[in-house]
Amino acid sequence: MTVPPDPSPAPLEIHDLTVSYHKKPVLWGVDLAVPRGQLVGIVGPNGAGKSTLIKACMGLLPLNSGWVKVFGRPLRDVATRVGYVPQRESVDWDFPVNVMDVVLMGRYGRLGLLRRPSAADRAAAKACLEKVGMLPFANRQIANLSGGQQQRVFLARALAQEADLYFMDEPFAGVDAATESAIIAVLRELRSQGRTLLVVHHDLPTARSYFDMLLLLNMNVVAFGPTAQVFTAELLQKTYGGRLTVLSEVAHAVGAQERGAP
Amino acid sequence: METLVPAFDFHRIFVAPWTTEFPTFGWIVLMGFLVGAACGLVGNYLLLRRLALMGDAVSHSVLPGLVVAFLLSNSRGTGAMFLGALAAGVLATLIIEVIHTKTRVKQDAAIGIAFSSLFAVGVLLTALYTSQVDLDAECVLYGEISFVPLEPMVEVAGLTLGPASLVRMALVLLGVVALVVMFYKELLVSAFDAGLARSLGVNPTAMHFGLMAVLSIVVVSAFEAVGAILVIAMLILPGATASLLTKKLPWVHAGAVVHAALSAVLGLHLGVWLECSLAPAMVVAGAGVFALAWVFGPEEGLIARWRRQRGGGPEPVRAP
Amino acid sequence: MPTATTFRAQGGRRGGMAAALVAGLLFPGVLHAARVSDVAGADWLDQAARFLSFRDLSVRYAVCGAVLLGVCCGVLGGFVVVRKMALMGDTLSHAVLPGVALGFLWNLSKDPVAIFVGATLAGLLGTGMVRAITHTTRLKEDAALGLVLASFFAAGACLVTMIQRLPTGSKSGVDKFLFGQAAAINSGDVWLMLAVTVLVLGLVGLFYKELLIVSFDGGFARASGLPVAWIDRGLMLLLAFSVVIALQAVGAVLVSAMLITPAAAAYLLTDRLHRLLWLAAAFGVAAGVTGAFFSFLGHNLPTGPLMVIGASTVFAGAFFLGPRHGVLARWWRRRDRAARTRRENTLKSLYRIGEEADFAAEGATLTELARLRKETLEDAQRLATDLVRHGLATQSDDLVYFTPAGRQRAAEIVRNHRLWELYLTNSANIAADHVHEDAEKIEHVLGEEVVRDLERRLNHAAVDPHGRRIPTAGEIHRAAGLSGESGRK
Numbered sequence: 028m029t030v031p032p033d034p035s036p037a038p039l040e041i042h043d044l045t046v047s048y049h050k051k052p053v054l055w056g057v058d059l060a061v062p063r064g065q066l067v068g069i070v071g072p073n074g075a076g077k078s079t080l081i082k083a084c085m086g087l088l089p090l091n092s093g094w095v096k097v098f099g100r101p102l103r104d105v106a107t108r109v110g111y112v113p114q115r116e117s118v119d120w121d122f123p124v125n126v127m128d129v130v131l132m133g134r135y136g137r138l139g140l141l142r143r144p145s146a147a148d149r150a151a152a153k154a155c156l157e158k159v160g161m162l163p164f165a166n167r168q169i170a171n172l173s174g175g176q177q178q179r180v181f182l183a184r185a186l187a188q189e190a191d192l193y194f195m196d197e198p199f200a201g202v203d204a205a206t207e208s209a210i211i212a213v214l215r216e217l218r219s220q221g222r223t224l225l226v227v228h229h230d231l232p233t234a235r236s237y238f239d240m241l242l243l244l245n246m247n248v249v250a251f252g253p254t255a256q257v258f259t260a261e262l263l264q265k266t267y268g269g270r271l272t273v274l275s276e277v278a279h280a281v282g283a284q285e286r287g288a289p
Numbered sequence: 016m017e018t019l020v021p022a023f024d025f026h027r028i029f030v031a032p033w034t035t036e037f038p039t040f041g042w043i044v045l046m047g048f049l050v051g052a053a054c055g056l057v058g059n060y061l062l063l064r065r066l067a068l069m070g071d072a073v074s075h076s077v078l079p080g081l082v083v084a085f086l087l088s089n090s091r092g093t094g095a096m097f098l099g100a101l102a103a104g105v106l107a108t109l110i111i112e113v114i115h116t117k118t119r120v121k122q123d124a125a126i127g128i129a130f131s132s133l134f135a136v137g138v139l140l141t142a143l144y145t146s147q148v149d150l151d152a153e154c155v156l157y158g159e160i161s162f163v164p165l166e167p168m169v170e171v172a173g174l175t176l177g178p179a180s181l182v183r184m185a186l187v188l189l190g191v192v193a194l195v196v197m198f199y200k201e202l203l204v205s206a207f208d209a210g211l212a213r214s215l216g217v218n219p220t221a222m223h224f225g226l227m228a229v230l231s232i233v234v235v236s237a238f239e240a241v242g243a244i245l246v247i248a249m250l251i252l253p254g255a256t257a258s259l260l261t262k263k264l265p266w267v268h269a270g271a272v273v274h275a276a277l278s279a280v281l282g283l284h285l286g287v288w289l290e291c292s293l294a295p296a297m298v299v300a301g302a303g304v305f306a307l308a309w310v311f312g313p314e315e316g317l318i319a320r321w322r323r324q325r326g327g328g329p330e331p332v333r334a335p
Numbered sequence: 053m054p055t056a057t058t059f060r061a062q063g064g065r066r067g068g069m070a071a072a073l074v075a076g077l078l079f080p081g082v083l084h085a086a087r088v089s090d091v092a093g094a095d096w097l098d099q100a101a102r103f104l105s106f107r108d109l110s111v112r113y114a115v116c117g118a119v120l121l122g123v124c125c126g127v128l129g130g131f132v133v134v135r136k137m138a139l140m141g142d143t144l145s146h147a148v149l150p151g152v153a154l155g156f157l158w159n160l161s162k163d164p165v166a167i168f169v170g171a172t173l174a175g176l177l178g179t180g181m182v183r184a185i186t187h188t189t190r191l192k193e194d195a196a197l198g199l200v201l202a203s204f205f206a207a208g209a210c211l212v213t214m215i216q217r218l219p220t221g222s223k224s225g226v227d228k229f230l231f232g233q234a235a236a237i238n239s240g241d242v243w244l245m246l247a248v249t250v251l252v253l254g255l256v257g258l259f260y261k262e263l264l265i266v267s268f269d270g271g272f273a274r275a276s277g278l279p280v281a282w283i284d285r286g287l288m289l290l291l292a293f294s295v296v297i298a299l300q301a302v303g304a305v306l307v308s309a310m311l312i313t314p315a316a317a318a319y320l321l322t323d324r325l326h327r328l329l330w331l332a333a334a335f336g337v338a339a340g341v342t343g344a345f346f347s348f349l350g351h352n353l354p355t356g357p358l359m360v361i362g363a364s365t366v367f368a369g370a371f372f373l374g375p376r377h378g379v380l381a382r383w384w385r386r387r388d389r390a391a392r393t394r395r396e397n398t399l400k401s402l403y404r405i406g407e408e409a410d411f412a413a414e415g416a417t418l419t420e421l422a423r424l425r426k427e428t429l430e431d432a433q434r435l436a437t438d439l440v441r442h443g444l445a446t447q448s449d450d451l452v453y454f455t456p457a458g459r460q461r462a463a464e465i466v467r468n469h470r471l472w473e474l475y476l477t478n479s480a481n482i483a484a485d486h487v488h489e490d491a492e493k494i495e496h497v498l499g500e501e502v503v504r505d506l507e508r509r510l511n512h513a514a515v516d517p518h519g520r521r522i523p524t525a526g527e528i529h530r531a532a533g534l535s536g537e538s539g540r541k
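Protein chains in written order, with my numbering: chain A, 28 to 289; chain B, 16 to 335; chain C, 53 to 541.
These aren't lab readings, by the way, just hints derived from the structure by calculation. For clarity, every value in this text was computed on a predicted model and none was experimentally measured. One or more hints might be untrue.
[What the hints assert, rightly or not] DSS-like mimics (lysine-lysine), calculated; alpha carbons at most 27 Å apart, straight line:
hint, chain 1, residue 1, chain 2, residue 2
1, C, K426, C, K261
2, B, K200, B, K263
3, C, K493, B, K117
4, C, K192, A, K51
5, A, K50, C, K192
6, A, K51, A, K265
7, A, K96, A, K158
8, A, K50, B, K263
9, C, K192, C, K136
10, C, K261, C, K192
11, C, K261, A, K153
12, B, K262, A, K51
13, C, K261, B, K121
14, C, K192, B, K262
15, B, K121, C, K192
16, C, K136, B, K121
17, B, K121, B, K200
18, A, K158, C, K261
19, B, K117, A, K51
20, A, K265, A, K50
21, B, K200, C, K493
22, B, K262, A, K50
23, C, K136, B, K117
24, A, K153, A, K96
25, C, K192, B, K263
[Stated by the list, open to error] To give an idea of the interface, some chain C residues facing chain A are shown, with a C-beta separation under 7 Å as derived from the structure:
hint, residue
26, V134
27, I265
28, G271
29, V337
30, E407
[Unchecked claim] Each pair of labels, with its calculated beta carbon distance range:
hint, chain 1, residue 1, chain 2, residue 2, range
31, B, D208, C, V497, 27 to 33 Å
32, B, M197, A, E116, 51 to 57 Å
33, A, D230, C, R509, 22 to 28 Å
34, B, L203, C, V497, 34 to 40 Å
35, B, T261, C, L349, 53 to 59 Å
36, B, V20, A, R100, 53 to 59 Å
For glycine and all other residues, C-beta sits at the position ideal for the given N, C-alpha and C.
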């Protein structure tokens, strides 16, 4: 894929990315350049490496090869321009914090070390809570929220990051219909402000209507482009169908060899 | 004037224990081996089930059971001690279960709270009744394996079998081996996949409690020799070492028994050389064997890994 | 000659261990011998008075030490508990023992700084080993923790027994590091503890925000560009520091409990991390001081177990008596709910009796109530009395009348029940004869808001699946007013 001759660098550019988990390759040779202001859905079967791709982009996993550039620079330099919504199960919801505390965490990256959140940060956090309809719950302990409410809190925290590029890992998983439409409204608003969003999604029917662009992923990029062009029976068959079982078998063999199994 | 590290006298360290001093050290090294082997076999299943720290909890909580049983029955009868220790073990599991199901405190903290409380009670009772209870603070921690030869010998039909606690430990080891052989498949399946086990007609809950009961019995029998803390090493080290070298469970069992023998013999020499307590010396020797396997293991050792990495290993296959 | 005789001789000490323990306690060091010996009174009441008067220097040191270690362990323990690192704390605390012994060997005396450095290094080495083993082998974390814990402890035990063999070693007090002895704390120890406590509080205060986010969601923290690895390492270092300063008083074997138990107790009582840390510090201080106090009373008792029992008592208190999550509070709430449900069921029966008579009769007899609730007359009387006590009904002879509040609540319950039945049969396609049981439970918990929503969804239907009328909101208000008048007659 060629990068268009744009003066401002692409929000996300991935070159020849390979990531392994326990020595077994999960992503192979991923090349990708995401243009600005797009709402991108990442779809693919279970184990296709959707979350791995996001985590690798965020620098949460070691890369075997390749590189990731965010706004033309290594992620470390531009961490404050990147927002993140992890999977809901990734944290302990019994943790002794309330909703406001969690949303304020979205400001920490910007604040840097040693500085405390100011009144302005609190006001910003409140505005974000308002946007996802969770302001009335600001002082509630996070264990006492429904799954959909917890997801909204995570979204509010990402909003508080005021980032230009967002990675979201299954924000629609296990939420009620009202939350789902609230979330998609917020995502569209972010997109219309010129921000770029990459969203892992596992429901094909809604993927078609939600996203501007789709990334069909199954260990490598099957297709990436505007939803209308990519959402075709042939490409979906390629993503979810049998062709790639060969790939995963080879990956397993490589993993076994690396681990030194007989 | 004695020094910290005594001179290295080959005869004293390596010859005497097997010749002139053999009547004493023979029993000690045999006891070390029996404890290591029995603990190692049981410990393999703890490792498989990721319950290694359950051994920690049970071994600590056994103490108040022993002390209370002793104070109540006023004897060192094996039956009372076993009962007391078993009761304490069950109590510990119960407390852990109650804390982590009824509150949001997680299991790790629940284990920590349960065993430290019970152990504290045990130590306190020991300190209060030191003159009555035949235990002391250090014995509680690392045992008195050098007392084994001083115990009254058990004689059956005129045949001298050995010191009482050693005979008991030998019987426990035989029992453990018998159980492992008899329930080999069931133990393996229930450790590997509780759902599959259930569908095959194995009750995983019964297996779990059976394992815990055997664990308590092994820990109690080993308690006098190696105390509450070293027994954790005895449970984990043999299996951990063996599993660095092989993946097949029968070989892991065999490796655990070999590890037990190695650590008993090497520990004896180490302890004789340094003139320190023998049980901790055996554990240190066992840890040394583990470290060797970790570094030099032919497949997964640190050196083998480093070589593979430096050699580049097989290139990741390009996606088609 | 280290023959079996030597071992026998070592063992022969066992009988005298009690005496040694007492002696060690009374003479924690040559320097303090005079001072401590006049502490050892005979009567425990005198001892208590003496402790509380703070007359003795060693008591002051012990209390200072207990307070400082309680604060330190409590605050850091808060992070240990919420990050599920309890077993790491346990391993850390056992792994310091060889370091203590080596620190002691540095110049063969109880030099606080040498021991501090040695123990910290050993503890960090132990936790580093755990990480190395889990990263480079297939062994799981629990196995790595257990084997490092026991192996390091064994190495420590070897060294301790070697030190005790030395002529200077037997009265060194190095064995006090196993179970702790607060009375052995001296001014050097206190200064060291103070320095560490100030450091811990200062750093936790400065980096509270970072510690919070790293503990709650490490992935997000890393994604935000925070130096997560350094924060983790710093926390581990502080943990090692606080374990080491607590060693003298609590002992290596039980010091992990001072990290875990006070913080776990605090975790049961609050929903915010900063309050948890303060509470944990307070509980740590309470446990520490009571431990020091009781060990002073019975003057051959090791301090560590007493402090741990103190902390466990606090935990048990929080577990049973906690206002929100406590067992007692929950039991009380459950009982309360059960009683309310029972009352509401009685009200419903009274309503049904009235309904059967088209609300012509003005009350229900106990006999009718007993029949409908399938109870004996005595039980029906008990139910009626309960209603009267809560102002929901009045009774004259064997007739029971609604009060306005009672009638309103009864109509609400009946409405909830029938609405829910209707909803289940209409919207969830459940057969009409299957819905009653479910509605029996739901009727007591439906809130006004949900009821409005149900009514709207069901187009304000008037009749339930069994053909009975559903009371409307207006009706409930009116009925309440009417029955109020009838109730007064």
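Results of checking the hints against the structure:
Under the criterion of a C-alpha separation no larger than 27 Å, the hint pairing C/K426 with C/K261 is inconsistent with the structure, at around 61 Å. Proximity of B/K200 to B/K263 is assessed by CA-CA distance (about 13 Å); at most 27 Å being required, the pair is judged to hold. Restraint check: the Cα-Cα separation between C/K493 and B/K117 comes to about 23 Å, which is no more than 27 Å; the hinted pair holds. As the CA atoms of C/K192 and A/K51 are separated by approximately 19 Å, the hinted pair is consistent with the 27 Å bound.
Our distance criterion of 27 Å between C-alpha atoms is met by A/K50 and C/K192, whose separation comes to about 17 Å. For a cut-off of 27 Å, the pair hint linking A/K51 to A/K265 stands: about 22 Å separates their Cα positions. For the hint linking A/K96 to A/K158, the alpha-carbon distance of about 30 Å lies beyond 27 Å, and the restraint is violated. The hinted pair formed by A/K50 and B/K263 meets the criterion: a straight-line CA distance of about 21 Å does not exceed 27 Å.
Between C/K192 and C/K136, the direct Cα distance comes to roughly 16 Å. Compliance with the 27 Å bound is thereby established for this hinted pair. Using a Cα cut-off of 27 Å, the hinted pair C/K261 and C/K192 is violated, with the two alpha carbons roughly 31 Å apart. Proposed proximity of C/K261 and A/K153 is supported: the alpha carbons are some 18 Å apart, at most 27 Å. With a CA separation close to 19 Å, the supplied pair B/K262 and A/K51 stays within the 27 Å bound.
Between C/K261 and B/K121, the direct Cα distance comes to roughly 23 Å. Compliance with the 27 Å bound is thereby established for this hinted pair. Pair hint C/K192 plus B/K262 holds up; C-alpha atoms about 14 Å apart against a cutoff of 27 Å. For a cut-off of 27 Å, the pair hint linking B/K121 to C/K192 stands: about 18 Å separates their Cα positions. The straight-line distance between the Cα atoms of C/K136 and B/K121 is roughly 7 Å, inside the 27 Å bound, and the hint therefore holds.
Restraint check for B/K121 and B/K200: not satisfied, since their Cα atoms lie roughly 32 Å apart, outside the 27 Å limit. Taking the CA atoms of A/K158 and C/K261, the gap is near 24 Å; set against the 27 Å cutoff, the hint holds. For the hint linking B/K117 to A/K51, the alpha-carbon distance of about 40 Å lies beyond 27 Å, and the restraint is violated. Straight-line distance between C-alpha atoms of A/K265 and A/K50 comes to about 26 Å, which keeps the hinted pair within the 27 Å bound.
Between B/K200 and C/K493 the alpha-carbon distance is near 46 Å, which puts this suggested pair outside the 27 Å criterion. A threshold of 27 Å between alpha carbons decides the hint, and for B/K262 with A/K50 the separation of about 18 Å falls inside it, so the pair holds. A distance of roughly 17 Å separates the Cα atoms of C/K136 and B/K117; the hinted pair therefore holds under the 27 Å criterion. A hinted pair counts as satisfied when its Cα atoms are at most 27 Å apart, and A/K153 with A/K96 does not qualify at roughly 32 Å.
Restraint check for C/K192 and B/K263: the C-alpha separation of about 17 Å stays at or below 27 Å, so the hint holds. With its C-beta approaching chain A no nearer than about 6 Å, C/V134 sits inside the 7 Å limit, and its interface hint holds. Hint status for C/I265: holds, given a least beta-carbon distance of 5 Å to chain A, under 7 Å. At about 5 Å, the closest approach between the beta carbon of C/G271 and any beta carbon in chain A falls short of 7 Å, and the interface hint on this residue holds.
Violation of the interface hint for C/V337 is found here, the shortest Cβ-Cβ separation to chain A being roughly 20 Å, above the 7 Å cut-off. The closest approach between the C-beta of C/E407 and any C-beta of chain A is roughly 37 Å, which is over the 7 Å cut-off, so the hint fails. In this structure the supplied range 27 to 33 Å is violated for B/D208 paired with C/V497, their Cβ-Cβ distance being about 39 Å. The hinted window of 51 to 57 Å between B/M197 and A/E116 is violated, with their beta carbons roughly 40 Å apart.
Distance hint check: the CB atoms of A/D230 and C/R509 are about 26 Å apart, consistent with the given range 22 to 28 Å. Judged by the Cβ atoms, the range 34 to 40 Å given for B/L203 and C/V497 is violated: they are separated by roughly 47 Å. A hinted range of 53 to 59 Å holds for the C-beta pair B/T261 and C/L349, which are about 56 Å apart. In this structure the supplied range 53 to 59 Å holds for B/V20 paired with A/R100, their Cβ-Cβ distance being about 57 Å.
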